[in-house]
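Chemist: Based on the hints, put chain B in the right spot on chain A.
Chains as they are written, first to last, in UniProt numbering: chain A, 1 to 134; chain B, 1 to 382.
Among the clues, some could well be false.
In the DSSO-like style, the derived pairs of lysine-lysine whose C-alpha atoms are separated by at most 30 Å in a straight line are [what the hints assert, rightly or not]:
1) LYS178(B) to LYS80(A)
2) LYS59(A) to LYS151(B)
3) LYS80(A) to LYS151(B)
4) LYS345(B) to LYS59(A)
5) LYS287(B) to LYS345(B)
Honestly, the hints are just simulated from the structure, not real lab data.
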Amino acid sequence: MAVFAPPGKPIIRLLRAGCTNRPFYHVVVQPHNKDVYDETMTLEQVGTYDPMPNANNEKLVAFNFDRIRYWLGSGASTSKAVDQLFGICGFFPVHPMSYITAQRNRKSIAARAEAAAKEAENKAASESAEEKQS
Amino acid sequence: MAGMASKSVATLSLTFRSLAALRRKHPSPAFSYFHRSFADAPSASDVALSQTNDGTAAAETPPSQPARSSPVELLFIRPDVQQILSRLTGRKMEKILSRRQVKDLRRSEVKLLTEDQLNRIREEKLREMEERLQMPPVLPARQPREQVIVKDPLLENYDAHKHVFMDITYGVKPRNRKGYVRELDGTLRTVTWEELDRLNNTYFPVEGRDIDFPAVYEEANLQAALDKGFHEYLLGRAVVQFEPDNPDYIRVTRMIYEHIDTHRKYDVLDSTRFMGGLVFYLVSQKKADNFLMRLLQNNRMDVVMDLLQLHYILHPEKADAFQKAFDGSEISAVKYYIESEAVRKGNLELAVQAYQETLRQQREAGATESGDSDQAKIRANV
Chain A
1 MAVFAPPGKP IIRLLRAGCT NRPFYHVVVQ PHNKDVYDET MTLEQVGTYD PMPNANNEKL
61 VAFNFDRIRY WLGSGASTSK AVDQLFGICG FFPVHPMSYI TAQRNRKSIA ARAEAAAKEA
121 ENKAASESAE EKQS
Chain B
1 MAGMASKSVA TLSLTFRSLA ALRRKHPSPA FSYFHRSFAD APSASDVALS QTNDGTAAAE
61 TPPSQPARSS PVELLFIRPD VQQILSRLTG RKMEKILSRR QVKDLRRSEV KLLTEDQLNR
121 IREEKLREME ERLQMPPVLP ARQPREQVIV KDPLLENYDA HKHVFMDITY GVKPRNRKGY
181 VRELDGTLRT VTWEELDRLN NTYFPVEGRD IDFPAVYEEA NLQAALDKGF HEYLLGRAVV
241 QFEPDNPDYI RVTRMIYEHI DTHRKYDVLD STRFMGGLVF YLVSQKKADN FLMRLLQNNR
301 MDVVMDLLQL HYILHPEKAD AFQKAFDGSE ISAVKYYIES EAVRKGNLEL AVQAYQETLR
361 QQREAGATES GDSDQAKIRA NV
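So here's chain A without its partners, still in its complex pose (with noise of 0.2 Å):
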């Protein structure tokens, strides 16, 4: 006897299309318990994400916010990145994963350029070196 399970809650999340090494994304509503690529099962795409930066560096995103503000009070869910995307744009909150990423970047920029300093330096002194044995 075959069960069917009711449709699940709303999901507002990413479903990635495009093509190999290039990625494009469609935001969509689904239910939460159908396989995001079960792309007969969405419920209405609400805007795209393009992660790749155009000629003027930047990052595409488009939101129908209507349609979002609709599913959002009736019910629906956000999945991580959808929660960060919202953040970034300011419909909601900042997200404190995207605090997280912006701090361990500048950590990383910081210590990369440390060490590049400090290379330099090495660089400088070991030339000097050689300078004075000359």
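Modeler: Chain B only, in chain A's frame:
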């Protein structure tokens, strides 16, 4: 209770005041100009607010005189200006209804009609023609619209690329769409006009509109194209490519108008939808002398009078003196204009004299014929 009430009223008026100030600083989108009535005076609420704030009378010009500080382009949409420009456009049927490039070819239809039906179709076609002669709007250049929403230094270096968000809600006009940018340093702001144009082009492309800035509208290329005579094509393409208040559009159209004026090629735009814009530009910049000369040489005194009327609507400083001269005669009005406003006085005066000479010759020719003309016979019989 009274204290609380006055506090809430004070807060309300503060909000209205700041909103009014914000509205004055960032004028509403250009399309609202079409629905605004043309007093250049501030609205009653603005005056009332400024009076309550300062306690002194607002230093605004009375509604009868247009304010000097407002851009002259706002006068374009006035009904009397529109009528004058429409008359100045001309209605050369052979040019308007000539063969042109269309998207879909249609077979010609042959119908058998009564007089009534034929007249109705004629009227319909005339209405279509008037629609095709509708002038593209002349607007002042748009002001910067971007505003910082929040500065968030903790989000600096979140990514090596900025994020640009667009609200693709259905049913919103392209100019009113909302866009937001999260910069690399964490600042969240609204989009600039250029970014909004680009985003609209990406998500809501318009047929005939190029994605990148067309190379033909760069200065050197534009000059070359104009020298080859592509005025009407370039103007039509600019109307599709740009918004009317885009500074690029204004620069391109002005360059085209200047080229036409320099080379006296007014016939190129005659009976097209762009003639109104050309004349409005020339008169508003007080560069209409060459055009006036051409009209006088062609004995178009009716058009000359329209042109002068337009001049004194756009530059009303000496309108009263002109009105007095106009009450005298048309020629005296033209002479007053030449004396007071024109730059190429000598040539224009010669042209007026030539026109008067032509009139005199026509009158004499008419007088010699009138003795045995058909009209005289009919008049005699009646």
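Chemist: Given the hinted pair LYS287(B) and LYS345(B), is their Cα-Cα distance within 30 Å?
Modeler: 13 Å, holds
Chemist: LYS59(A) and LYS151(B) were given as a pair; does the straight-line alpha-carbon distance stay at or below 30 Å?
Modeler: 19 Å, holds
Chemist: Verify the proposed pairing of LYS80(A) with LYS151(B), using a straight-line Cα cut of 30 Å.
Modeler: 23 Å, holds
Chemist: LYS178(B) and LYS80(A): Cα distance at most 30 Å?
Modeler: 24 Å, holds
Chemist: Is LYS345(B) within 30 Å of LYS59(A), Cα to Cα?
Modeler: 59 Å, violated
Checked against the numbered hints above, the structure breaks only hint 4 and satisfies the rest.
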